[in-house]
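Residue numbers (this note's numbering), protein chains in the order written: chain A, 1 to 452; chain B, 1 to 452.
In case anyone wonders, no lab produced these hints; they're calculated from the structure.
Be a bit skeptical, because a hint or two may be false.
Just so you know, same-sequence chains aren't split out, so a pair can sit in one copy or run between any two.
[Said to hold, decoys possible] Derived SDA-like pairs (lysine to any residue); straight-line CA-CA distance at most 25 Å: (1) K424 to R131; (2) K3 to K84; (3) K89 to D279; (4) K74 to S449; (5) K424 to S272; (6) K22 to I387; (7) K424 to H197; (8) K134 to M109; (9) K397 to Y293; (10) K399 to I211; (11) K210 to P15; (12) K397 to R30; (13) K89 to T10; (14) K84 to A234.
Protein chains: 2
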Amino acid sequence: MSKASIPQGTRDFSPEVMAKRKFILGHIERIYQSFGFMALETPAMENLSTLTGKYGNEGDQLIFKILNNGDYLKDIDVLNIDAKSLTPKIAEKGLRYDLTVPLARFVAMNRHTVQLPFKRYQIQPVWRADRPQKGRYREFWQCDADVLGTDSMLCESDFIQIYQMVFTALGIENYQIRINHRALLEAACEKANAVDHFKSITVAIDKMDKIAWEGVEKELQSLGLDNSQCNILAQFLIKRPFNLSTLETLNELLSSQTKATKGLSDLQQILSFCNNTSDRVILDGSLARGLDYYTGCIFEVIINDVAIGSVSGGGRYDELTSVFGLKEAISGIGISFGIDRLYDAMEALQLFSGKTPAFTDVLFCPMEDNALPWCIELANELRQQQIKTEVYPQSSKLKKQLDYANAKGIKAAVLIGSNEINTKTLSVKNLITGEQMTCQANDLISIISQMP
Amino acid sequence: MSKASIPQGTRDFSPEVMAKRKFILGHIERIYQSFGFMALETPAMENLSTLTGKYGNEGDQLIFKILNNGDYLKDIDVLNIDAKSLTPKIAEKGLRYDLTVPLARFVAMNRHTVQLPFKRYQIQPVWRADRPQKGRYREFWQCDADVLGTDSMLCESDFIQIYQMVFTALGIENYQIRINHRALLEAACEKANAVDHFKSITVAIDKMDKIAWEGVEKELQSLGLDNSQCNILAQFLIKRPFNLSTLETLNELLSSQTKATKGLSDLQQILSFCNNTSDRVILDGSLARGLDYYTGCIFEVIINDVAIGSVSGGGRYDELTSVFGLKEAISGIGISFGIDRLYDAMEALQLFSGKTPAFTDVLFCPMEDNALPWCIELANELRQQQIKTEVYPQSSKLKKQLDYANAKGIKAAVLIGSNEINTKTLSVKNLITGEQMTCQANDLISIISQMP
């Protein structure tokens, strides 16, 4: 007999949690679809050759590897072998680490049938052997949308629109969509005469929210940057409203840098497409993200009232499919919502209240066993009207039946005993007010429909 | 550079396939919910101690095991060790093999919070290291519903109802719901004086559909059963309509067997609950399924017009949670749809045609780049009316844009060039008929809505 437990860093999603997750995912999926994004799903297992080398050394360590089946040690000399050299010999598959590499792999495998621009969304779990801690799981859900095969800034503009629609639908009001452009970051480093330190500088400035400018400055100084270099960077590393006047300011700051041209014209184009950008969109010079990967605009979204980190991020990339041998360079852009963080944020802001549908609308309570057939008949009629209906499976004591109804949040009970059977009437109980009334079977649907 | 490929026995689900899968899953989920079933999701990874010993020796071999992270060989003497003894030392987790054991594990872990009867559904992939072949995959989806904590025959009746509702919703007409009861099988063996061979007999009769009575008879004879024993079993192993007259026949056949009593009274009760059972419900004396597991009614559903095996099965069990240390015996019953087989059957019967929604309803085609802002503005208005809308991301040649629309099955295109901008009119093209008309922006939504 085994004691029941689940692996560290994994979770069961109970019905109550699932209802809230479905609320979030349903809105995101509907909004993705409203822009013509199409669903894709890929296998949980990928060949390790697909996964390794894409996430850096540290990432490779965090991939869950699956033991080959059968006699996997056959023909392997285990003498003097360590885990690191043994692993590739006994494990050929691993669990998906993100949804982006599988997308690239899918497009590379199906290049002849995939119509460009290819707009796909993908909502699936990913697995990382990270040390579990509060808010960090070994199995967690990503919710990605990507457009492959066009470098039009319409995509950037659409994603800004999508962000706004999603947060409106979820009832989240106080959020910030941060945008930056890799070319502007490069131009700023160029102007500060610090191109050699580009990568270290982006790592430092990405911490702005955590350690403030004073902390970033110290890191820049430790890289060998002098005061004047730091001051040049400081002018750029500011959060400004994403509007024409901000673009003018940046144009003045970076006018002498050729690298800035592409970034500024991209941003100007996005602005011309988002004719009613709200003040929730911010041009954040300190936003860097994983720059190895991104080549153009980058996004990050935070919710202001909760200390939960970013709930979404994304950006434009140019080389994704080339790692799988595609000769043409396919430009792409994508965003990803972290559902677990969105969930935690909405819980903290108490935004789920009243938004998830009841598990069951009506419970039929048989007061004696021979009431069951009539209960079943009426329940089927309600179901045909899209009313979620259960029959309590036996004529237990009414209190027990109503306890069940209350635990499940059911708002109406229909009581049927010998009296009801004899008089061909029904007793309908509103479980919120406690009110009870008698009605004819024919009137049941309209009475239930009128209950709040 | 790695060549793109996916593991044997796994699949990508392209947008076209996903649309059809969502059609199936959406109906099943809606119908489960209409009976008050609640969603549950469990982790892909379970501790191996949870999984092993639940699926028999052969099943244990088919569990995908996950390599422990870090230096998993530390403190292990690999000298003279074989794969079988090494595995438990280097792998503590495995991938979910079905959805039933995780359910039992969940209930055992949460017994204090789970309200009985507990009605849950679960739609998730499972993994088995089976030899891949046509229709058999290493990653496939199950779609389960179970009721735990009641032995009422209402559950059996509800599941028969659910089957009928699901097949009606999917447009599948020619199906058969087969039902049998373990107690009747036992009574038949008892009457044939062959109780000692019970397990082997059920294995033999379960093949009735494949090898017919002649084949089954041969297997029974090889077990040592004589002609009169075979004849007694043969009377029982017949498919009969599930109605009162069939129950009378069985009552006569098995009247002297005490074991039959419970089975017959259960079936009679189910019949009293399903007052309008169709002739699609069959009492099939040869239906046995995995009897180690089931203790009461068993179900199997087949689609008559396709040779695809059963698309769903299930039954009542009594001991599920006891393996995880729960002292009380919780009676349960569940069914499971095999989504992959349902999908294949519906493809074969051409039942998807016209049933999946378009990826995108309307494509805006900018004929020059400065038409993009107006396209974007109008597209957002359509989206607010629940019309799925895309803007082609650049002013490519009209043919290219319309090729994209056709490949994606888009039925309406709105063309905007300098002429349209100057006259403030729109050109709307019906991509099915080829018809094109001019309209005012204000009339666009009503024109689109009227298109078939």
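Hints, one by one, checked against the model:
1. When the C-alpha separation of K424 and R131 is checked against a cutoff of 25 Å, the pair qualifies neither within a copy, at 63 Å, nor between copies, at 59 Å.
2. Within a single copy, K3 and K84 get their C-alpha atoms only as close as 32 Å, which misses the 25 Å cut-off; across copies the closest is 23 Å, which meets it.
3. Taking the shortest alpha-carbon separations for K89 and D279, neither the intra-copy value of 54 Å nor the inter-copy value of 56 Å comes in at or below 25 Å.
4. In the homo-oligomer, the alpha carbons of K74 and S449 never lie at most 25 Å apart, since the shortest distance is 67 Å inside one protomer and 65 Å across protomers.
5. For the homomeric pair K424 and S272, the shortest alpha-carbon distance between copies (19 Å) is at most 25 Å, but the shortest distance inside one copy (68 Å) is not.
6. Taking CA atoms no more than 25 Å apart as the test, K22 paired with I387 passes in both settings, with 19 Å inside one copy and 22 Å between copies.
7. Taking CA atoms no more than 25 Å apart as the test, K424 paired with H197 passes in neither setting, with 84 Å inside one copy and 52 Å between copies.
8. In the homo-oligomer, the alpha carbons of K134 and M109 lie at most 25 Å apart only across protomers (21 Å), although the nearest pairing inside one protomer, at 38 Å, exceeds that limit.
9. Proximity of K397 and Y293 under a CA criterion of 25 Å is satisfied in neither setting, with 63 Å inside one chain copy and 31 Å between copies.
10. Taking identical chains as interchangeable, the C-alpha atoms of K399 and I211 are never at most 25 Å apart, the minima being 58 Å within one chain and 53 Å between chains.
11. Within a single copy, K210 and P15 get their C-alpha atoms no closer than 36 Å, and across copies no closer than 40 Å, so neither meets the 25 Å cut-off.
12. Taking the shortest Cα distances, K397 and R30 never come within 25 Å of each other, neither inside one copy (44 Å) nor across copies (30 Å).
13. For the homomeric pair K89 and T10, the shortest alpha-carbon distance between copies (21 Å) is at most 25 Å, but the shortest distance inside one copy (27 Å) is not.
14. In this assembly of identical chains, the alpha carbons of K84 and A234 never lie at most 25 Å apart, being 44 Å within a copy and 61 Å across copies at closest.
Comparing the model with each numbered hint stated earlier shows that hints 1, 3, 4, 7, 9, 10, 11, 12, 14 do not hold.
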